[in-house]
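Protein chains in written order, with this note's numbering: chain A, 30 to 318; chain B, 190 to 564.
Among the clues, some could well be false.
[Stated by the list, open to error] Quick list of in silico lysine to aspartate or glutamate cross-link-like pairs, EDC-like style, CA-CA up to 16 Å:
#1 B:K354 - B:D394
#2 B:K392 - A:D296
#3 B:K556 - B:D454
#4 A:K312 - B:D242
#5 A:K299 - A:D287
#6 B:K486 - B:E460
#7 A:K314 - B:E329
#8 B:K509 - B:D426
#9 B:K393 - A:D85
#10 B:K388 - B:D372
#11 A:K265 - A:D296
#12 A:K224 - A:D296
#13 A:K318 - B:D401
#14 B:K493 - B:E460
#15 B:K354 - B:D327
Calculated from the structure, these hints are not laboratory results.
Just so we're clear, the structure is a prediction, and the values are computed from it rather than from any experiment.
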Amino acid sequence: MVQTELVHGVEISEKHPRDELLRSERLPHIWCPGCGLGIVTKCLVESIRRSGIPLDRHVVVSGIGCTSRLPGYLNLDTYHTTHGRAIPFATGLKIANPELEVTVVAGDGDIFNIGGNHLIHAIRRNVDLNVFCVNNFNYGMTGGQFGGTTPTGAKTATTPYGNFEAPFNIPYIVAASGAPFVARWTTIHVRQLLKVMLRAFQVQGLAFIEILSPCPPTFGDLNNFADAYAQMEYFKDYSRVDDHADLSIIGLTMKPPDPVFVGNFVDLRKPTYHEMERDIIHKAKEARK
Amino acid sequence: MTMTLQKREFFMGGNFACAEAAIAAGCRFYAGYPITPSSEIAEHMSRRLPQVDGHYVQMEDEIASMAAIVGASNAGLKSMTATSGPGFCLMMENIGLGIITETPCVIVDVQRGGPSTGLPTLIGQGDMMQVRYGTHGDYETIAYAPNSVQEMFDLTVKAFNMAEKYRTPIFVMADQIVAHMTDRLVIPSPDELEVIQRKGPSKKDPAFIAFDFSQDFPPMALAGEGFHVNVDSLTHDERGYPTTNHAVSERMLDHLVGKIRNNADEIVEVEHYRTEDAKVVVVAYGSTSRSALRAVKEARRAGKRAGLLRLITPWPFPEKEVERLHAKKIIVPEVNYGLMEHPVREYASCQVTGIHHAAGALVPPEKIYAALMKA
Chain A
30 MVQTELVHGV EISEKHPRDE LLRSERLPHI WCPGCGLGIV TKCLVESIRR SGIPLDRHVV
90 VSGIGCTSRL PGYLNLDTYH TTHGRAIPFA TGLKIANPEL EVTVVAGDGD IFNIGGNHLI
150 HAIRRNVDLN VFCVNNFNYG MTGGQFGGTT PTGAKTATTP YGNFEAPFNI PYIVAASGAP
210 FVARWTTIHV RQLLKVMLRA FQVQGLAFIE ILSPCPPTFG DLNNFADAYA QMEYFKDYSR
270 VDDHADLSII GLTMKPPDPV FVGNFVDLRK PTYHEMERDI IHKAKEARK
Chain B
190 MTMTLQKREF FMGGNFACAE AAIAAGCRFY AGYPITPSSE IAEHMSRRLP QVDGHYVQME
250 DEIASMAAIV GASNAGLKSM TATSGPGFCL MMENIGLGII TETPCVIVDV QRGGPSTGLP
310 TLIGQGDMMQ VRYGTHGDYE TIAYAPNSVQ EMFDLTVKAF NMAEKYRTPI FVMADQIVAH
370 MTDRLVIPSP DELEVIQRKG PSKKDPAFIA FDFSQDFPPM ALAGEGFHVN VDSLTHDERG
430 YPTTNHAVSE RMLDHLVGKI RNNADEIVEV EHYRTEDAKV VVVAYGSTSR SALRAVKEAR
490 RAGKRAGLLR LITPWPFPEK EVERLHAKKI IVPEVNYGLM EHPVREYASC QVTGIHHAAG
550 ALVPPEKIYA ALMKA
């Protein structure tokens, strides 16, 4: 029975309605005020609950970084692995037991910098994973250094004069690598995020979602966003929903008035690793008879 | 020489024997990246695994290979990879992951000359310290050094059994000579072969603790079994939750190190050849021990009281076996510049001399013989 009380006329509950899916003994979480990861957690928990897939079959895998702390708060089978290696770890898990619904939740540094090679190969194999990449445009956990997703010109702890390197355009690379499902949303798009996560669970093959998130004390602070709210305002005011956007031009500058293209860009059916491997196993066993 | 092969007798290469052993021990997941002189293991596994409903996954590099086998093992399949020096370097990161998450798996390192890409594809024994200390932090290592095709089979089976029992990565430290050698192999029938399966938690136990540090070998919960475990690469408590608490960190490390140190007597394996009365003993492992045996036999024929202590498990180091030697001198021939010579020196009570022969060739028996006769 959930204990509730009224405070200033508002019903306050001892337990959150989604507490069954959280390791509440691990809260409070480590994230900074204004971080988008709380919203991502909420959407993930809600989508897992609504997925219709038994909780015991959901497995969440991460690497290292702020985002990678997320699975540890979930009351599921969760695997917090090494930096950048969540995808190959998840590849092993999924191939070994195809009954599992395996979701990788990790940051842009994890998935696109140190683990970039693993991502494109997992896409090429079309392993049936859900990869949710939270992009906050810098390495948050280590203090806000630049990486492969930091916009050109942005200031970070290691680009004090501005970043002169070019960033990755994430959905463009993922689509070019052949992913059957590619989407991008921001943490202001709570309803769309929830819906797209639910869709990802249904996709046969690798489903990729880029989730843009504020990082107020580091990237936000150094790049003209007064606070988390200002970055959310930017996402709200400059997002352009376009499922048919030309992916080659949707790279981000994170500077108003430049737009933030969001949408479900790719949704195809391709044979999965598991399906193709099953045929080979059949062939190998037939040849042996 | 003519030889009639019996039903379970084969004439087989070392790498093939290793792969067949893995299948016989129940391995159903291989992730790897081809590298000589280990490639035949990958090739044979790619042929054999689909025949037994197993999975051969060729990964993009050795970092991913190691991550994938740790993942697959957490989903319940006995898993392995095989590599050589340059790939072994890349595996160090996730070998640490396997150790801290207490995940059973087997890594075969067919050693070649180094450093760096070194000598493809000639023998080396230069990874003997890397296997013990290569990944950072505190831990203990169980490693086998086969010296024959038969041992490529037997010790690979043993490696899987020990991985399942000790819940940790186990190493088969082969070398190019033993891997590419073709010889008689006896494969035991399935009922003669001891195969160990990991302990799982009782399905009904609601008080299950995922990482019970109070027992050396706690049961392992797999993904999808309903125990909702958090398996963490960070230093963690008994629930698998990350911690920076000193007391808890110490408990975890005591457990990781202790489960091997406390059972070292059970793990350690050596072979003695005429060491009881030997005045000079050769300590050797892997294919070098074959040269050493010939040298010792010839020295005996020449009237020298020589013996051989062969390290079947270089790690944990057979320290008591070395301490017990009554020799006046110990000779350690290696295809490196003196790696295992160090722990031998640490436990020996007499003079220790190394024979360093890291030119991409087996230590010639004559070189060991000459050292024995000079002693």
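Going down the list of hints, with the structure as the test:
1. Of the pairs offered as hints, the one joining B:K354 and B:D394 is violated, with about 21 Å between alpha carbons and a cut-off of 16 Å exceeded.
2. Our distance criterion of 16 Å between C-alpha atoms is broken by B:K392 and A:D296, whose separation comes to about 39 Å.
3. Simply put, B:K556 and B:D454 have alpha-carbon atoms about 33 Å apart, too far for the 16 Å limit, and the pair is violated.
4. Distance restraint check for A:K312 and B:D242: the Cα-Cα separation of roughly 11 Å lies within the 16 Å cut-off, and the hinted pair is therefore satisfied.
5. Simply put, A:K299 and A:D287 have alpha-carbon atoms about 34 Å apart, too far for the 16 Å limit, and the pair is violated.
6. Between B:K486 and B:E460, the direct Cα distance comes to roughly 15 Å. Compliance with the 16 Å bound is thereby established for this hinted pair.
7. For a cut-off of 16 Å, the pair hint linking A:K314 to B:E329 is broken: about 40 Å separates their Cα positions.
8. Under the criterion of a C-alpha separation no larger than 16 Å, the hint pairing B:K509 with B:D426 is inconsistent with the structure, at around 33 Å.
9. The suggested pairing of B:K393 with A:D85 holds, with an alpha-carbon distance near 15 Å, which does not exceed 16 Å.
10. With a C-alpha separation of about 36 Å, the suggested pair B:K388 and B:D372 falls outside the 16 Å cut-off, and the hint is violated.
11. Restraint check for A:K265 and A:D296: not satisfied, since their Cα atoms lie roughly 24 Å apart, outside the 16 Å limit.
12. Under the criterion of a C-alpha separation no larger than 16 Å, the hint pairing A:K224 with A:D296 is consistent with the structure, at around 14 Å.
13. Note on A:K318 and B:D401: the hinted pairing is violated, with a Cα-Cα distance of about 46 Å set against a maximum of 16 Å.
14. Only pairs whose Cα atoms come within 16 Å are accepted, and B:K493 paired with B:E460 is rejected, the gap being roughly 20 Å.
15. The straight-line distance between the Cα atoms of B:K354 and B:D327 is roughly 20 Å, outside the 16 Å bound, and the hint therefore fails.
Violated hints, in rising order: 1, 2, 3, 5, 7, 8, 10, 11, 13, 14 and 15; the structure is consistent with all others.
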